[in-house]
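J.: Residue numbers (the numbering used here), protein chains in the order written: chain A, 1 to 398; chain B, 1001 to 1441.
Be careful, since some hints might not be right.
Residues of chain A clear of chain B, computed beta-carbon distances all greater than 10 Å [unchecked claim]:
1) E110
2) R153
3) C166
4) R191
5) R302
Derived coverage of chain B by chain A (criterion: at least 3 residues anywhere in the stretch with Cβ under 8 Å from a Cβ of chain A; other residues may be distant) [claimed, not checked]:
6) 1054-1063
7) 1178-1187
8) 1358-1371
Calculated from the structure, these hints are not laboratory results.
Ideal Cβ placement from N, Cα and C applies to all residues, glycine included.
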Amino acid sequence: MTDIDPQITGETMPAPGVAPGTLHTEDLLVNMGPQHPSTHGVLRLLLRTDGELVVEATPHIGYLHRCAEKIGENVTPVQFVPMTDRLDYLAAMNNNHGYSLAVEKLCGIEVPERARYIRVIMCELNRIASHLVSFGSYGLDMGAFTPFLYAFREREYIVDLFEATCGARLTYNYLTIGGAAADLPAGFLDRLAWFLDYFEPKIDEYNRLLSYNYIFVKRTAGVGVISAADAIAYGLTGPCLRGSGVRWDLRRCVPYEIYDRFEFDIPIGVPGGTDDIPPEVVVGDSWSRYYVRMLEMKQSVRILRQCLRQIPDGEYRAKVPRVLKLPAGEVYLEVEGARGQLGFLVVGDNGPIPRRVKVRGPSFCNLSIIPHVCRRVLLADVAAILGSIDVVMGEVDR
Amino acid sequence: MAACLSPVGAVRVGTGVQKFAFPIFLILLLASIALAWAPALLWPNKPLLVRDVLAVVGVVAFVSLFAMFAIWWERKVAARIQSRLGPMRVGGWHGWAQSLADGLKLFQKEDIFLAGADRPLYRLAAYIAFVPALCLFLALPFSTAWIARDLDVGLIFILALLGLGVLGVLLAGWASNNKWSIYGAMREACQMISYEIPLGFALLVPILTAGTLRLTAIGDLQDAGFPSWLAFHNPFLLIAAVLFFVATLASCKRAPFDLPEAESELVAGYHTEYSGFRWALFFFAEYAEMFAAGALAAILFFGAWHSPLPAEWGRTWRSGPLWQQALHGVLFSGPLWLIGKGLFFVYVQMWLRWTLPRIRLDQVMYACVQVMLPLAMLNLLAHAVWQWLVPADSLLAQIANGVCTAIGAVTIVAILATIAYGLFHRRRLVGTLVVDHRPGA
Chain A
1 MTDIDPQITG ETMPAPGVAP GTLHTEDLLV NMGPQHPSTH GVLRLLLRTD
51 GELVVEATPH IGYLHRCAEK IGENVTPVQF VPMTDRLDYL AAMNNNHGYS
101 LAVEKLCGIE VPERARYIRV IMCELNRIAS HLVSFGSYGL DMGAFTPFLY
151 AFREREYIVD LFEATCGARL TYNYLTIGGA AADLPAGFLD RLAWFLDYFE
201 PKIDEYNRLL SYNYIFVKRT AGVGVISAAD AIAYGLTGPC LRGSGVRWDL
251 RRCVPYEIYD RFEFDIPIGV PGGTDDIPPE VVVGDSWSRY YVRMLEMKQS
301 VRILRQCLRQ IPDGEYRAKV PRVLKLPAGE VYLEVEGARG QLGFLVVGDN
351 GPIPRRVKVR GPSFCNLSII PHVCRRVLLA DVAAILGSID VVMGEVDR
Chain B
1001 MAACLSPVGA VRVGTGVQKF AFPIFLILLL ASIALAWAPA LLWPNKPLLV
1051 RDVLAVVGVV AFVSLFAMFA IWWERKVAAR IQSRLGPMRV GGWHGWAQSL
1101 ADGLKLFQKE DIFLAGADRP LYRLAAYIAF VPALCLFLAL PFSTAWIARD
1151 LDVGLIFILA LLGLGVLGVL LAGWASNNKW SIYGAMREAC QMISYEIPLG
1201 FALLVPILTA GTLRLTAIGD LQDAGFPSWL AFHNPFLLIA AVLFFVATLA
1251 SCKRAPFDLP EAESELVAGY HTEYSGFRWA LFFFAEYAEM FAAGALAAIL
1301 FFGAWHSPLP AEWGRTWRSG PLWQQALHGV LFSGPLWLIG KGLFFVYVQM
1351 WLRWTLPRIR LDQVMYACVQ VMLPLAMLNL LAHAVWQWLV PADSLLAQIA
1401 NGVCTAIGAV TIVAILATIA YGLFHRRRLV GTLVVDHRPG A
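Kindly generate the complete structure, drawing on both the sequences and the hints.
T.: Structure below.
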C-alpha cells in the first residue's frame, strides 16, 4: 500500500459521503491503458467510475517519450528529419514537411517549383492515409470491425505509392530540407490518378456503411460535445476544432507552401438535420469530428487532382550545402498536419546544429480536453470521445 | 482497492494438486467408465444405458465438431466480408484444420491463475458456462427421431439452460479479480436477465399456437410445406420470430449486443484473464449457444426439420426402400434440414456481427425495456385475440397466412439473390489488392 502513489489509490480524493446504516458504495478507479485496445497506443487514462458512469478521467502520458526534441538539438536538420517521421507516424510526410519548412525559412532556402508540388501531393496523400486509419479505428472503437479492414485496404494503395517513391511504407524521410529526397518514380502520376478515381466514390460508400449507420449515429452523436469556445480555449486544432464549427485551417487561413493556388473547402461541423446530416448530431460532438475527417478526405482528393494538372517539370530539390549553417535567430512555423496545427520552433546560432528544437504536437493539445469532456459519461463513451479526438501517442509524448 | 491495482505479475503454476491434474483426470475417466460399465454388465437395462451413453457421446461430439467448424467458418465469413481470405494454410484446402490447430495450441497453453483470483470459483466458472450449453442439446430435437430425450417441457428445459450460462460469466468476472472482467460480468448479467423477458414473451406466441411445450410436437405441426411454418401463420407470429431472434442475439452475447466482451471498452470482458483450455471452454459455450438459438428459432418458427415441400408429397417414400428413405430425409424432412436452418441463423448472426457497430449499454437497456418488452407483450395479447376471434380456416386467416408467406419468401429470395450476386462478382467485390496478393497469385 505504501509504495503506491496515493493519487492512484484514490486516498487523496474525497470519499463519497456514506450515511451510517446505508449500503456502502465507493467509486472504482480503473486504469484504461497503457495497454488497452482503444487507447490507440500507450495512453493511460485513470478513470474514476461509478458503475458504468465515468465520473472523471485523467490522462497520464509519457510512455512513448523518446527525447525527440533533445535529439533535434544534437543532430543537423537533415539528420533530424527521420526523427520527425516518428512523431506522428501515421502522417510522417506532414511532419517532414513542417520541419523542412521551418529550417528553410530560417536559412532562406528557395524550394523549386516541382518540389513544392511533390510536397503537397505527399502531404495530402498522407492526410488521406491518416484519416483512413482514424476512420477505420473509430469504427473499431464503436465495435464495427469491417470498416477498419476497408480503410486499410485503401490505405494500402497510398502506402504502395509511397513505397514506390521512397522505399518506406511508414517512416519516409522523403520530404527534406530544400525539397524532396528523390524525384517521383516513373508512372507515379498515372497511378495516383487511377487511385483518386478509385478512391473518391469509396468515401460515399463508407459514409453509407458507417457514418449514417443508425447505431453508429446513436453511439457518437451528442457524445463528448466540445463548444467552439472550449475548443479554442484548450488549444484544439485540426478536425477537432473544425468539428466544433470553427472554420480554421492553416492551409487556407495562413497559406504556406503553395496552398493558396488550390481550390478547396474547409469542412466544419454543422448541426443535424441539414443536408444529409442525421438529426441527432450536435455541433462539436464525436460524430462531427469524425465526419469532418471524411469530408476532408474529399477535399484532399480535390487538391490532389489540381496538383496532377499543375505539376511542372524541373528540379526536385534546391541546392542545399552539404553542411548547412543555421543563422542566428529563431523561426516558429506551423503547418496543418493531419491532426491539427503542427508547429516547429528552430533556433539557430550560426552552427550546423540547432540550439533549440521545439515541436508543438497537435495531439498533445487535443488530448488536454479529455478530462474536461470525459466527465459523467458512460464507459463506452470514453472510447467514442477518445477515438474522435484521434490522438497519436508518438506525437503526444515525442 | 490496492489489491486490485497491484502489479499483475505473480502467477503460480504447477503447485499442489495441479501437478497431478492429468493423472487424476485419467484415473477419474477410467473410474467413470468402469462405474458405467460394471452395473451395465450385470443389469438387464444394459441397452438403455448403451443408448444413453451413445446419446451423450453423440451430443458432445456434435457440439465439439460444430464449435470447431463454426469458429473456422466465422473466420472465413468475416474475412470475406472484410475482403480478406482468412485462414488459408493449415490443412490445405482453405485452412480447414485451423480450428484443430488452434484447439491443440490452446490445450497445451499454460493455465494461468492471477495471484488475487478466487481459484475455486475461477476454475468452476468455465465449467458452469460450458456444461449448460452442452446439456441443452440433450433436449434439442434434430428431428422427431433424432433426439436424446424428448421432454414434454423441452422448451422450458432449454430456456433454463440457456439462462444458466450467465452464472458462469458472472462467476468468471468475479473470480478473475480484474475490474474489466467485473464490468463484463455485470453487463452480461443485466443484459441477459433483461432480454430473457421479451424472449419468453416471444416464445409464448408459438406455444399458444401449438398448445404444447414438447418441441417434437411443435416441429411436426409445420410439416405441410412452407406456408405452414409457424412464423407465416399470422403477422404476430412473424413479429414474434423477429423478436425472438433479436433477443437470442442479446442472450448469446452476439453483436450488436456483444457488450460483455466489448474489446474496445472492456479489453475482453469477463474472459480477460482466462487462458488456454479454460478460455476455449467459454468459446465453445458461446458457439454451442449460437447454434442452439438458431436451431430453436428454426424449430419454433421456421418449419423445424421439414423442408419447404409438403411432407404429404413424400409420404410413401418414408416407408419405402432404403434409398427412398434417404432421399426423403434430404428432400422432405430430416436432421439435415434442421442443421441447415440452424447454420443459416448462425450465419445471419455472423453477418450482423461483422456489419454493425456495438450498441451502448443504456441503449441496450432502452431497446429492451422500452421497445421490445412492450412490443412482445402487445404482440402476445394481439395473437391471443387473433386466435380467439379468427378461426384457422377462415378467409382472413388464409389471407394473413398468404401475406406472411409472401414476405418470408421474398426475404429468402432476396438473401439468396444477394449471396448469388456476391458469389458471381466475388473477384470484383474484394478489390484488386486481395486478388493480386492471394497466396500463389
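J.: Can the segment 1178-1187 of chain B be counted as covered by chain A under the rule of three residues or more with Cβ-Cβ separation shorter than 8 Å?
T.: holds (count 5)
J.: So is the segment 1054-1063 of chain B in contact with chain A by the C-beta rule, three or more residues under 8 Å, or is the coverage claim wrong?
T.: Since 0 is below three, the answer is violated.
J.: Would you say R302(A) is clear of chain B, with no C-beta pair closer than or equal to 10 Å?
T.: Nearest chain B Cβ is 23 Å from R302(A), so the label holds.
J.: Is it correct that the beta-carbon of E110(A) has no partner in chain B closer than or equal to 10 Å?
T.: 40 Å, holds
J.: May I ask you to check that C166(A) keeps its beta-carbon over 10 Å from the closest beta-carbon of chain B?
T.: For C166(A), whose nearest Cβ neighbour in chain B is about 20 Å away, the distance exceeds 10 Å, so it holds.
J.: When you look at the beta carbon of R191(A), is every beta carbon of chain B farther off than 10 Å?
T.: 12 Å, holds
J.: Examine the segment 1358-1371 of chain B for residues whose CB is less than 8 Å from any CB of chain A, and state whether their number is three or more.
T.: holds (count 6)
J.: Does R153(A) sit more than 10 Å from chain B, CB to CB?
T.: The claim breaks: R153(A) does not keep its Cβ more than 10 Å from every Cβ of chain B (closest is about 6 Å).
The structure fails to meet hints 2, 6 from the earlier list, while all remaining hints are met.
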